[in-house]
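2 protein chains.
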Amino acid sequence: MFSKACEYGIRAVIYIWSQSKKGNKLGVKDICKEIDAPEYFTAKILQALARQDIVSSTKGPNGGFYIDKEQENIHLMDLVVAIDGDKLFYGCGLGLKQCSAANPCPIHHEYKEIREGLARLLKTKTLRELAEEVSSGKATLHSII
Amino acid sequence: MFSKACEYGIRAVIYIWSQSKKGNKLGVKDICKEIDAPEYFTAKILQALARQDIVSSTKGPNGGFYIDKEQENIHLMDLVVAIDGDKLFYGCGLGLKQCSAANPCPIHHEYKEIREGLARLLKTKTLRELAEEVSSGKATLHSII
DNA sequence: AAAATAAAATACATTTTTATCTTTTATTAG
DNA sequence: CTAATAAAAGATAAAAATGTATTTTATTTT
Ligand code: FES
Ligand code: FES
Chain P
99 MFSKACEYGI RAVIYIWSQS KKGNKLGVKD ICKEIDAPEY FTAKILQALA RQDIVSSTKG
159 PNGGFYIDKE QENIHLMDLV VAIDGDKLFY GCGLGLKQCS AANPCPIHHE YKEIREGLAR
219 LLKTKTLREL AEEVSSGKAT LHSII
Chain V
99 MFSKACEYGI RAVIYIWSQS KKGNKLGVKD ICKEIDAPEY FTAKILQALA RQDIVSSTKG
159 PNGGFYIDKE QENIHLMDLV VAIDGDKLFY GCGLGLKQCS AANPCPIHHE YKEIREGLAR
219 LLKTKTLREL AEEVSSGKAT LHSII
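Here the protein sequences line up with chains P and V, keeping their order.
Residue 158 in our numbering is what sits at position 60 of the first sequence, and the numbering runs on without skipping anything.
Residue 114 in our numbering is what sits at position 16 of the second sequence, and the numbering runs on without skipping anything.
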């Protein structure tokens, strides 16, 4: 469904959110230890997200990634699109060059429902909410295995 | 969502179905022209599907791919799993090593619904039905662009 | 000002996916 | 039996995704 980059990116950003309330910044190393993701690869993803203003960062001692006021009301959708693009949300399930009701593939109607359900989910959830799930212990960002 | 291989595979098999009623076999070249897919790559996919008994084939003059009695009641799900595997239907949306309600990621509940909705769609649709959509002109396997 | 820190940028390596080409094998038509 | 046909198998190649390592730049602490 999502690319590896997107999976790592979502987990990383939710973790940053869950810690950012306390005002502290997080280094890539800490983040990756917590979410069990490859360090250098995840660093790249976070840097790209910083360029797109999904998260903030500063260099130097006590530097790291954090969330500031500007990024308060970002939805999961924004994050996913920033990493994987929006093809998942308008593209044909069978790979036709264009998804359209006028020239539908055999699963168009049902697939469109699924696709829109996913979009609805991602647009509904704010990162704040997801972080809260983690902070409160109701959800986790790494398997226990 | 699905891999390119899976998209081509689904389109190819639906086309074979839509023609197979008439009893004739189809060459890879014809199939790929109709569904607008790369020839050699699609050939590989169909060969793998033939090994897995999702479609049938014979070599030689008037040979090609076709559907026989054994493959009558195959669902779209069987085809997708034969090509892409079943990770999409049990894996965690955020890439946790294991999806479980006991140790859920922050989107587990909602994502599980989407995932199961997709599985329901694929398990419900038989290839026969999808082929019928195409035969009757209600749906298409290639963009008009 | 110098040293330490951590992100940013750059370069490189590996793996997987997608795609193409060539040779071999089975089948049929003549 | 021979030639033609078409899938099967195998070899290669290009592109994209994933992962790692090194160098540079900005910032802070001492
Ligand atoms: S045309 Fe295929 S999903 Fe819309
Ligand atoms: S744990 Fe993530 S989807 Fe179930």
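Don't take each hint at face value.
[Said to hold, decoys possible] Below, computed lysine-lysine pairings styled on PhoX-like, alpha-carbon distance capped at 20 Å:
1) Lys185/V to Lys195/P
2) Lys223/V to Lys119/V
3) Lys223/V to Lys131/P
4) Lys185/P to Lys102/V
5) Lys102/P to Lys236/V
6) Lys236/P to Lys102/V
7) Lys210/P to Lys195/V
8) Lys185/V to Lys195/V
9) Lys210/V to Lys195/V
10) Lys210/P to Lys119/V
11) Lys119/P to Lys223/P
12) Lys223/P to Lys167/P
13) Lys221/P to Lys119/V
14) Lys119/V to Lys102/P
[Unchecked claim] Computed footprint of chain V on chain P; a stretch qualifies when at least three of its residues, placed anywhere within it, have a C-beta under 8 Å from a C-beta of chain V:
15) 146-153
16) 159-172
17) 214-227
[What the hints assert, rightly or not] Partial list, computed: chain V residues near chain P (C-beta under 7 Å):
18) Lys157
19) Asp166
20) Cys197
21) Ser234
22) Ile242
What the hints contain is simulated information worked out from the structure, not anything from laboratory work.
Treat the numbers as computed from the prediction; the structure is a model and nothing was measured.
All residues carry an ideal CB built from backbone N, CA and C; glycine is no exception.
Satisfaction of hint between Lys119/V and Lys221/P, Cα-Cα up to 20 Å: violated (44 Å)
Distance restraint between Lys223/V and Lys131/P, which requires alpha-carbon spacing of 20 Å or less: violated (43 Å)
Proposed interface contact between Ile242/V and chain P, which counts if any beta carbon pair is under 7 Å: holds (6 Å)
Lys210/P paired with Lys119/V [C-alpha distance capped at 20 Å]: violated (29 Å)
Given coverage of the stretch 214-227 of chain P by chain V, checked by CB-CB distance under 8 Å (3 or more): With 4 residues in contact (Cβ-Cβ under 8 Å with chain V), the coverage given for the stretch 214-227 of chain P holds.
Hinted pair Lys185/P and Lys102/V, Cα distance within 20 Å: With Cα atoms ~14 Å apart, Lys185/P and Lys102/V stay inside 20 Å; holds.
Restraint status (C-alpha distance of Lys185/V to Lys195/V at most 20 Å): Given pair Lys185/V, Lys195/V holds - Cα atoms ~11 Å apart, limit 20 Å.
Straight-line alpha-carbon gap Lys102/P to Lys236/V, limit 20 Å: violated (37 Å)
Status of the Cys197/V interface restraint (C-beta, 7 Å, chain P): Hint violated; Cys197/V Cβ to chain P Cβ min 9 Å, cut 7 Å.
Agreement of Lys119/P and Lys223/P with the hint, judged by alpha carbon distance not exceeding 20 Å: holds (18 Å)
Pair hint outcome, Lys210/P versus Lys195/V [Cα-Cα no greater than 20 Å]: Status violated; Cα separation ~28 Å.
Given coverage of the stretch 146-153 of chain P by chain V, tested with a Cβ cutoff of 8 Å and a minimum of 3 residues: violated (count 0)
Hint check: violations occur at hints 1, 3, 5, 6, 7, 10, 13, 14, 15, 16, 18, 19, 20, 21; the rest are consistent with the structure.
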